[in-house]
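J.: Guided by the hints, dock chains B, C and D with the ligands onto chain A, whose structure is given.
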Amino acid sequence: MLRAGVEKAVRVNDFAIKLANVNGTGSASANGLLMQAIFRMGIPVSGKNLFPSNIQGLPTWYEIRVNKDGYTARALDYDLMVAMNSQTYERDIREVRQGGYVLYDSTWPLDPHLHREDVTFLGVPLAAMCNANFRESRERILMKNIAYAGALIAVLDVDMGVVEQLLDEKFARKKALRESNHKALHLGFDYARQHFDPLPFRLEKMDANRDKILIDGNTATALGCLYAGATVAAWYPITPSTSVMDAFTDFCKKYRKDPETGAMNCCIIQAEDELAAIGMVIGAGWNGARAFTSTSGPGISLMNELLGLAYYAEIPAVVMDIQRVGPSTGMPTRTQQGDLLECAYASHGDTKHICLYPANPAECFEFAVKSFDLAERFQTPVFLLSDLDIGMNDWVVPRLKWDDSYRPDRGRVLDAAQLEQIQKFFRYSPEDENFVAARTLPGVSSKGAYFTRGSGHSRTGAYTEMPDEYQEVVDRLLRKHRAAAKFVPAPVIERRSRAQFGVVTLGGCDAAVREALDVLQSRGIAADFMRIRAFPFPESVEQFLNDHEFNFIVEQNRDAQMKSLLLLETGVAKDKLRSICVYGGFPLSARRVTDRITSQLGELTERAVHS
Amino acid sequence: MLRAGVEKAVRVNDFAIKLANVNGTGSASANGLLMQAIFRMGIPVSGKNLFPSNIQGLPTWYEIRVNKDGYTARALDYDLMVAMNSQTYERDIREVRQGGYVLYDSTWPLDPHLHREDVTFLGVPLAAMCNANFRESRERILMKNIAYAGALIAVLDVDMGVVEQLLDEKFARKKALRESNHKALHLGFDYARQHFDPLPFRLEKMDANRDKILIDGNTATALGCLYAGATVAAWYPITPSTSVMDAFTDFCKKYRKDPETGAMNCCIIQAEDELAAIGMVIGAGWNGARAFTSTSGPGISLMNELLGLAYYAEIPAVVMDIQRVGPSTGMPTRTQQGDLLECAYASHGDTKHICLYPANPAECFEFAVKSFDLAERFQTPVFLLSDLDIGMNDWVVPRLKWDDSYRPDRGRVLDAAQLEQIQKFFRYSPEDENFVAARTLPGVSSKGAYFTRGSGHSRTGAYTEMPDEYQEVVDRLLRKHRAAAKFVPAPVIERRSRAQFGVVTLGGCDAAVREALDVLQSRGIAADFMRIRAFPFPESVEQFLNDHEFNFIVEQNRDAQMKSLLLLETGVAKDKLRSICVYGGFPLSARRVTDRITSQLGELTERAVHS
Amino acid sequence: MPSIAKPTAIHPSLHRNELGLTIRDYEGSMSTLCAGCGHDSITAAIIRACWEISLAPHMLAKMSGIGCSSKTPTYFVSGAHGFNSAHGRMAAIATGASAANRELTYIGVSGDGDSLSIGLGHMCHAIRRNLKMLYIIENNGVYGLTKGQFSASADVGSKSKKGEPNRMAPIDSVALALSLGATFVARSFSGDKEQLVPILKAALSHRGFALVDVVSPCVTFNDHAGSTKSYLYTRNNMLKATETDFVPPASEILATIGRNGAVSVAMHDGSVVRFKGVPPDYDPTDREKVLDYLSEHHGKGEVVTGLLYIDESVPDMHELNNTPAQALAKISFEKLCPGSAALDALQEDFR
Amino acid sequence: MPSIAKPTAIHPSLHRNELGLTIRDYEGSMSTLCAGCGHDSITAAIIRACWEISLAPHMLAKMSGIGCSSKTPTYFVSGAHGFNSAHGRMAAIATGASAANRELTYIGVSGDGDSLSIGLGHMCHAIRRNLKMLYIIENNGVYGLTKGQFSASADVGSKSKKGEPNRMAPIDSVALALSLGATFVARSFSGDKEQLVPILKAALSHRGFALVDVVSPCVTFNDHAGSTKSYLYTRNNMLKATETDFVPPASEILATIGRNGAVSVAMHDGSVVRFKGVPPDYDPTDREKVLDYLSEHHGKGEVVTGLLYIDESVPDMHELNNTPAQALAKISFEKLCPGSAALDALQEDFR
Ligand SMILES: Cc1ncc(C[n+]2csc(CCOP(=O)(O)OP(=O)(O)O)c2C)c(N)n1
Ligand SMILES: Cc1ncc(C[n+]2csc(CCOP(=O)(O)OP(=O)(O)O)c2C)c(N)n1
Ligand code: SF4
Ligand code: SF4
Ligand SMILES: [Mg+2]
Ligand SMILES: [Mg+2]
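Protein chains in written order, with our numbering: chain A, 1 to 611; chain B, 1 to 611; chain C, 1 to 351; chain D, 1 to 351.
Isolated chain A (complex conformation):
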């Protein structure tokens, strides 16, 4: 799957466009419509929503990349800019590639200083047309978006049938709106068809998406929780995690209403803060329910203390951390992988947690289920580290599958009958081969009663302040964490012949890194690929790293947090690990990776020459 090196006269299904809007003006639905239409045309596509931490009036962008070969990481070169935000004209017009196009609202003339010789300006009198055709001011604003969508449909050859179908579905019960949309769409469409020549890039139907869906990671995560049988969810609203709980709530309404009693087989609690949210999850986990919270960095910080309690008292808890840019409030609507260390070692004292790193919504679904199994099997908090890019953007992924024979791994929980059979129950012994002891649930039998505490306790569960008794328990916890390495998702490894080094990444960097490796390969540089999917690290992780003279660790944070974890938690020598950190807050693109690898390789060669 090499990327075509030579640009053809008309590029089919290989281009990127960017739409610059003002947030709160309703552009999202127009942009989503385009994205979905392209998806339905069977073409590999990705959409990245770059929105502000604000409700109305600030710049927002949407990027669509179409690529027949399936490279759908964020592009940096835009063939077409839809410039709808006069505040950002300057920057937006600058960003178009040489020979590219700018579509703008020509109701007002463009300031001459914005002009560029090397791009083509496509003026569409959007406001004028909409003002002429719609009466309400809100409608006029909204319909401008649909109108530019119409113009794009024309110039890009989007299948109008598909679009009309989508509008039919969307507005099945809102006829008037359907009307307006139709009208606006055709205003733009007709204008563009009349005024513009075909562009040198366009769309053509393919059949790449037959077994694909278009879904965001947070919805998929919620779906995973639903399917895993989670019944208790506690949360505090925070961008970009909120839509996990919104989706879970919607799914529960649909699937968790008891047909007989009408009762809801779930309890979703909007907590007073994140300290409470994790407390509720722990309380529910203690009581045997599958429980989770969803949050982002600031929430993780607040949960630190209780995460240590769950770790030490060995209570299952699942935390969905949809990462955003830190530190502090940071940039709530930008993406980053900045909580890797925080989650791996959350809380004071010696603690280590299980972390899963999905790369896309499909894995969000799969890992969400997995996280409950791991939390219950290992009686400990499990983090699913997603991020804003994965969580809030729509991704094209393979259809989700469900194995109806799946049964939750509840871990070692003694029921009344099992309790009957033992002499005496001790909470923290005996342990099994994974260093897990059986627990009991309240309400089952007095014989299983014990006192849960975050204070020093011995293997029997008794309060202790004695070094040896204390140590016995925390040493087992360490072994237990290590044992989990065999149960977490193994890394994805792809080897190439004559690979010169390894490139390691995680999470949402996947697509960009893969694309980068293909690009490098096309330049004669071959590298093996590994995507880490969990901590503790399975043995194969260390193996891969050791198999290569050196490895680049590509990640989205400033402090090389994954590289740090690898340093600390594998036996790999330092000089085998090199860092590539991209952390400005936008989704990763392949060029950032190729550039950095190339320049680091250059340095290496230079060093080799000089030494």
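Simulated from the structure, these hints should not be mistaken for lab results.
Careful, some of the hints might be misleading.
As the list claims (entries may be wrong) - Subject to a maximum C-alpha distance of 25 Å in a straight line, what follows is the list of computed SDA-like cross-link-like pairs (lysine to any residue):
1. D:161 with D:231
2. D:193 with D:320
3. B:424 with D:59
4. A:175 with A:134
5. B:170 with B:208
6. A:254 with D:272
7. A:254 with C:343
8. C:147 with C:157
9. A:170 with C:346
10. B:68 with B:496
11. C:161 with D:193
12. B:574 with A:138
13. D:193 with D:333
14. D:159 with A:405
15. B:447 with D:320
16. D:289 with C:156
17. B:175 with C:224
18. A:574 with B:570
19. C:161 with B:173
20. B:68 with B:246
21. C:330 with C:57
22. C:161 with B:141
23. A:576 with B:569
24. C:240 with C:300
25. D:161 with C:315
26. B:253 with D:333
27. D:330 with D:57
28. A:254 with C:351
29. A:254 with A:405
30. A:574 with B:501
31. D:240 with D:169
32. D:240 with D:272
33. D:161 with A:574
T.: Just chains B, C and D with the ligands, lined up with the frame of chain A:
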């Protein structure tokens, strides 16, 4: 300073005793009295209080080690056990070294199964004597302690004059109590003199403590805050940090009352929780006051979010973390160095903090002052990581010194005149050679007004969501943290001729590790010593590590947290670092270190032989 | 023997309750609190109440935070699971526990520090959710376990052991709870088991959140002259606004109107709380009147005790959430997982 | 131009106040809130109040948490330092700021989410400390910035945009504050600047903690039919219990007793708050009466507004702590450090 290898007939000033009591019975003052008397006799001594997390009725121990050569780390071999707690008789009697002594209350006969052939039992009818001599039941209980102190004074040759003097001082204003104490003391003393032969170890006046004081780390820390000019202190009670604020409060009463107005030049706030406490410190730091909080692990966890705010918004804050055993509530009255990673990287997102690691109360004083200078110079949180052992035990340390020419380093703060001189003030630029930008304080001038935020900001201080602007600031923060390495306390390094390896430690492990190195030296194994005193690490830390084929890192936590920090934050190769972790909760003793080094060296040799 | 013997919560009675259990079956391990600590008396009252209402030990969940008070769940009903969690977080953890299993009875034991400082937000929100539980504040005006700092319930002018007066206005959990719409509010005194036991029984029958604030002197740090949370002060200033009888569901109810306008309140579970000796102008079901009464007597320095307010009409968290009668934790996986067919169907929405 | 123009807080007046400043000198940067957001009107009221009382911009410290409301300090008095801190922690940070520098005037702006959920404990304890500050809750019944979830101030039955009713009892900041002993409690409406401005001015003169809860409709998420925090609902159900005039210190006071039992309250700083049009049975200095009045009208679904309660007799945090009149941050180091001689002397105690 080699430790005498051969035991003389009568060991003078070289023995260890342990006193086993029930807490809440007033034993602390008797034990402290003994300790202080020995100190006044000019003999190197240490006292370790091993007390429960409870107010009354649980086992508590006090250990006194006397060593003329100045080895005052915790001993593990007890020459004499004062067994006052029948609940722990069994364990306590077991702990006495062969040939040692047990002093117990012979009012009740000792259960025969407790008997040991190889120790001598010294029965003193303490309860009987006290019941006969005192009327009130509380007094009877309290005086039993003084009575056993009297017996010890007799058998150990404590200077009775010194003891009487101490009691005079202590009860200068409580005549009746002075009486009772005198009586009880002599009950025990007389009984012992009449009934027991001299022991094979005893005390003799020395002159080792002329320039020394007996002080606990928390008092010294508070004194440092006082001298540094801290005016705002906010805290939430938590063991073992509470006495920092208690001492600060007492010092303020004495030294901070304005002689003219009677006003208190300080504001000490008992906050509603640790989130509030750090918030208050940050608010005060923002406003230009030197402000601090004192807490322990659980508090640090709760402070995580706001620590990230202070880091990112660049606000000075000083946090005294008096570490105790984690995770979670853990063992509140046991010691550990378990918050090293938590503090170094506190908060979500990419963050790094300045940490100081005092080894004893003298350094607590010095570093407390230093922490304010660093916090203000680098406009960032600074942690002083003390622990329960340092903080709550009385240590013999050199007299504290104060340089009256000291002036606080307030860092870059522009006053009204300076503001006048500049064109326009931007909060985060220009930066100086340490990557610090000037700040302004509210209330000075509108020209310096800016908006402090934990959300994304550019170098000017303006809100941003743009990658480049964001990155410029966080990149500077990273450089700023590195720059601090030149300003933090350098490591203490001691080299020996023909050293075969390095031994590295931090904080309260100091005495035990030094003693261990002397012991090893006496066995022909020479090692260099380094005690790390701060993070970010000064260059000399890395230099030392690299200078040795390998280094043992001795620390008191399970997960080798200091070794981890060294791995991550220096260029040192992994195989140069070997870990020795002792983390049961009691202060470190030399034997633990020698044993572990010896066995690891054994393994190394074995491996070398087999390869 | 030289160690101090601790009062264990032992009751001589060998009577058996409906479950055939004696009161000793409701005891826990030996207390490690200071001899004379008020908390131990509350423990004894809890033991009695649980025994008297024939609570099945394994159907009880004992929740607490951190503090001397929070240690006490170890000292009662050792046949029940207990959770000594983290400082201030008990209400949140109990909320989650209840969400998972509403079939259990929840007794939370907290301190005035645990509840009114670090845990204040959680307690207020548990009240707001009307979480069904008995929430006891063992109120001693100080932080016992950390050695005697004033807590937020310390009264203005109350003196510390060193003699320094507290100067900040107290947070009165009773007034606070009433202002937040709490549905069961009581105050009692650890020294008055007669009053406390029926209150606890009523609280355990309450439909939602039952706050029972019990003045519980800390003999070690706050039982001196000058303290307003000492045994002496409380005894001297205690005003019993109400006295109650608890009549379990099965019993025959004789809803007599007593002398001073006694009232009976029918509980959601069919039991009845009978108020005896209620003052003429007092109506424990009228929030305003209760507030008026409290502030009037509070002004006089009186410690008003009794079951002060009760409202059985407000749905609890589970009712509000329309959860099933069975514990969510026990719902079979088959009912929870929509299965592959549903997933296939659903995914049509994602195209 | 296609972008939406934002209302900037511009006032045509070019009058100058005592400091010679026009109202424009009290403006901030352009609002980025939704057009029509209630918060912007409160910003305008703050601007006017600060201007009218001639507050020196650099002597103001603007504190906030996180939320749409918490963004607003950027939009007023750009000559003052501002601190947009972390969600829910504003009260704590303001406490520390005030501890360090009591010479400044503190205006805290918070939201109902910021104050009544995550920050509830801090707000309650700031009240308890009687921290001298103006604390504004811009109360819209929802979390604006995170897109419309119910907040703890949402009334029972108030409907979300999707039409779902809130079922949990609200936390009413006014009732809560009163029960905690707050010394200045007001409620107003962002749509009523006439009422709000004098309240803000009075609050800025108050001796301690001044809570001003302002109903401030969120046009984007909570201004629909069925919401009890909409413009329409608030206008229709607002009851002005009191109206006030603020008379600054220097002015001549004409303490006339108005028709409906008007009262004047002398403020600690010498200014006077004059209540006009107070209902006959209403006394803004009598906590009980205020509470009674509130609950009576609350029962009728009315939104009672006005400066509701005021007590100038309670010392603020600094008075309680006996701090000097000067900012602690400005005390010279020489006064703070006891010096080497004292250290030598002191160390005799450590031998
Ligand atoms: C996060 C955290 N902060 C502080 C502490 C220390 N601490 C333990 S108990 C306690 C207060 C106890 O007071 P209260 O709740 O009134 O209980 P009491 O001991 O008086 O019964 C504190 C501050 C802690 N355990 N955890
Ligand atoms: C610790 C933390 N949790 C959650 C958030 C997300 N968050 C930002 S604003 C907000 C609520 C805002 O509601 P409110 O205070 O009522 O302000 P409004 O926007 O309605 O004015 C939340 C939950 C956050 N920033 N920090
Ligand atoms: S310290 Fe006080 S509260 Fe704690 S056990 Fe002792 S008497 Fe009870
Ligand atoms: S979302 Fe609501 S609160 Fe936020 S700015 Fe818009 S209208 Fe105001
Ligand atoms: Mg208490
Ligand atoms: Mg709000």
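J.: Give a verdict on every hint.
T.: Here is how each hint holds up against the structure:
1. The hinted pair formed by residue 161 of chain D and residue 231 of chain D meets the criterion: a straight-line CA distance of about 15 Å does not exceed 25 Å.
2. Under the criterion of a C-alpha separation no larger than 25 Å, the hint pairing residue 193 of chain D with residue 320 of chain D is inconsistent with the structure, at around 34 Å.
3. A C-alpha spacing of about 19 Å is found between residue 424 of chain B and residue 59 of chain D, which places the hinted pair at or below 25 Å, so the restraint holds.
4. A C-alpha spacing of about 16 Å is found between residue 175 of chain A and residue 134 of chain A, which places the hinted pair at or below 25 Å, so the restraint holds.
5. Of the supplied pair hints, the one linking residue 170 of chain B and residue 208 of chain B holds, its CA atoms being roughly 24 Å apart against a limit of 25 Å.
6. The suggested pairing of residue 254 of chain A with residue 272 of chain D is violated, with an alpha-carbon distance near 60 Å, which exceeds 25 Å.
7. A threshold of 25 Å between alpha carbons decides the hint, and for residue 254 of chain A with residue 343 of chain C the separation of about 12 Å falls inside it, so the pair holds.
8. For the hint linking residue 147 of chain C to residue 157 of chain C, the alpha-carbon distance of about 19 Å falls within 25 Å, and the restraint holds.
9. Under the criterion of a C-alpha separation no larger than 25 Å, the hint pairing residue 170 of chain A with residue 346 of chain C is consistent with the structure, at around 16 Å.
10. Between residue 68 of chain B and residue 496 of chain B the alpha-carbon distance is near 22 Å, which keeps this suggested pair within the 25 Å criterion.
11. A threshold of 25 Å between alpha carbons decides the hint, and for residue 161 of chain C with residue 193 of chain D the separation of about 51 Å lies outside it, so the pair is violated.
12. Among the hinted pairs, residue 574 of chain B with residue 138 of chain A is inconsistent with the structure: their alpha-carbon atoms are about 63 Å apart, more than 25 Å.
13. Distance hint between residue 193 of chain D and residue 333 of chain D is unfulfilled; the C-alpha atoms sit about 46 Å from each other, more than 25 Å.
14. Between residue 159 of chain D and residue 405 of chain A the alpha-carbon distance is near 41 Å, which puts this suggested pair outside the 25 Å criterion.
15. For the given pair, residue 447 of chain B sits about 34 Å from residue 320 of chain D by alpha-carbon distance, which is inconsistent with the 25 Å threshold.
16. Distance check on the hinted pair: residue 289 of chain D and residue 156 of chain C sit about 22 Å apart at the alpha-carbon level, within 25 Å; holds.
17. The hinted pair formed by residue 175 of chain B and residue 224 of chain C meets the criterion: a straight-line CA distance of about 22 Å does not exceed 25 Å.
18. At most 25 Å may separate the alpha-carbon atoms for a hinted pair to count; residue 574 of chain A and residue 570 of chain B meet this at roughly 10 Å.
19. Of the pairs offered as hints, the one joining residue 161 of chain C and residue 173 of chain B holds, with about 18 Å between alpha carbons and a cut-off of 25 Å not exceeded.
20. Annotation: proposed proximity of residue 68 of chain B to residue 246 of chain B is violated, straight-line Cα distance about 33 Å (limit 25 Å).
21. This hinted pair checks out: residue 330 of chain C and residue 57 of chain C have alpha carbons roughly 19 Å apart, not beyond 25 Å.
22. About 21 Å separates the Cα atoms of residue 161 of chain C and residue 141 of chain B, which keeps this hinted pair within 25 Å; it holds.
23. Restraint check: the Cα-Cα separation between residue 576 of chain A and residue 569 of chain B comes to about 16 Å, which is no more than 25 Å; the hinted pair holds.
24. With a CA separation close to 14 Å, the supplied pair residue 240 of chain C and residue 300 of chain C stays within the 25 Å bound.
25. Pair hint residue 161 of chain D plus residue 315 of chain C holds up; C-alpha atoms about 24 Å apart against a cutoff of 25 Å.
26. Taking the CA atoms of residue 253 of chain B and residue 333 of chain D, the gap is near 17 Å; set against the 25 Å cutoff, the hint holds.
27. As the CA atoms of residue 330 of chain D and residue 57 of chain D are separated by approximately 19 Å, the hinted pair is consistent with the 25 Å bound.
28. For the proposed pair residue 254 of chain A and residue 351 of chain C, the alpha carbon gap of about 19 Å is at most 25 Å, so the pair holds.
29. Distance restraint check for residue 254 of chain A and residue 405 of chain A: the Cα-Cα separation of roughly 22 Å lies within the 25 Å cut-off, and the hinted pair is therefore satisfied.
30. A distance of roughly 21 Å separates the Cα atoms of residue 574 of chain A and residue 501 of chain B; the hinted pair therefore holds under the 25 Å criterion.
31. For the given pair, residue 240 of chain D sits about 23 Å from residue 169 of chain D by alpha-carbon distance, which is consistent with the 25 Å threshold.
32. Taking the CA atoms of residue 240 of chain D and residue 272 of chain D, the gap is near 20 Å; set against the 25 Å cutoff, the hint holds.
33. Of the supplied pair hints, the one linking residue 161 of chain D and residue 574 of chain A is violated, its CA atoms being roughly 55 Å apart against a limit of 25 Å.
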